[in-house]
Amino acid sequence: MKLSVPSFGIANKKAILALILAIAVISVIIYFTPFSTSTDIVLYFDKATVKAGESSKLFLELNNNLGKDMKYIYIAVTPIDPNTITVPSNTIELHQANFGMDEKRKFDFDVFVSDTAIEGSYSLNVVVIMDADALNLQNPDFKEERRIKLEVKR
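Here this note's numbering is used: position 143 in the sequence shown is 144, and no number is missing along the way.
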């Protein structure tokens with residue numbers, strides 16, 4: 002019994018070589034590209050819909066995916082309509098936070114709705130700033146601004 006080996010022409014050999022080279026280049030790029038160059042921020046309320054005069058709690062979950070430890074964390078929660086929505090302790094500033102790579106932190110803020118609130122949605126602006134050395138806060142390692150809405154029913 003004689004086994005036959007398929008023969009590839011020069012054109013087929015070049016195509017196979019080009020395919021192998023492309024796979025190798027893509028593999029190297031994927032290997033050296035960080036999976037995430039940002040920090041995950043998750044915002045949510047314990048009660049996303051409240052009545053006028055009630056309160057809710059805003060939770061902020063922070064995941065450090067920046068590739069280095071952070072020593073400074075600043076979080077500010079500001080209602081767009083401060084006459085209707087109030088956040089009494091609206092800032093957190095941590096020096097020497099020791100927030101390591103791939104670690105998570107969870108923060109919470111009490112949110113109060115005025116008795117005279119009109120039914121509708123109300124936005125809160127959330128700013129998160131983090132830095133590895135807390136010396137150059139004009140150009141921090143991470144700064145992001147997000148918005149979340151609280152629904153008010155009558």
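Where hints are given, some of them may not hold.
Unchecked claim - As a list, the in silico DSS-like pairs of lysine-lysine whose alpha-carbon atoms are at most 30 Å apart:
no., residue 1, residue 2
1, K69, K107
2, K150, K105
3, K72, K14
4, K15, K150
5, K15, K52
6, K14, K69
7, K150, K14
Unchecked claim - Label pairs and their calculated CB-CB ranges:
no., residue 1, residue 2, range
8, G54, H96, 34 to 40 Å
9, K48, N140, 54 to 60 Å
10, G54, E94, 26 to 32 Å
11, S56, V26, 40 to 46 Å
12, K48, T92, 43 to 49 Å
The set of hints was computed from the structure by calculation and includes no laboratory data.
Predicted model only: the values in this text are computed from it and were never measured.
Heads up, the beta-carbon is just placed ideally off N, CA and C, and yes, glycines get one too.
Results of checking the hints against the structure:
At roughly 19 Å between alpha-carbon atoms, K69 and K107 fall within 30 Å of each other, so this suggested pair holds. About 23 Å separates the Cα atoms of K150 and K105, which keeps this hinted pair within 30 Å; it holds. As the CA atoms of K72 and K14 are separated by approximately 55 Å, the hinted pair breaks the 30 Å bound. Between K15 and K150, the direct Cα distance comes to roughly 57 Å. Violation of the 30 Å bound is thereby established for this hinted pair.
Using a Cα cut-off of 30 Å, the hinted pair K15 and K52 is violated, with the two alpha carbons roughly 70 Å apart. At most 30 Å may separate the alpha-carbon atoms for a hinted pair to count; K14 and K69 exceed this at roughly 45 Å. Of the supplied pair hints, the one linking K150 and K14 is violated, its CA atoms being roughly 59 Å apart against a limit of 30 Å. Checked against the hint of 34 to 40 Å, the pair G54 and H96 passes, with Cβ atoms roughly 37 Å apart.
Range check, K48 to N140: about 38 Å between beta-carbon atoms, so the 54 to 60 Å window is missed. Taken as a hint, the range 26 to 32 Å holds for the pair G54 and E94, whose Cβ atoms sit roughly 30 Å apart. Checked against the given bound of 40 to 46 Å, the beta carbons of S56 and V26, roughly 55 Å apart, lie outside it. Between K48 and T92 the Cβ separation comes to about 22 Å, which falls outside the hinted range of 43 to 49 Å.
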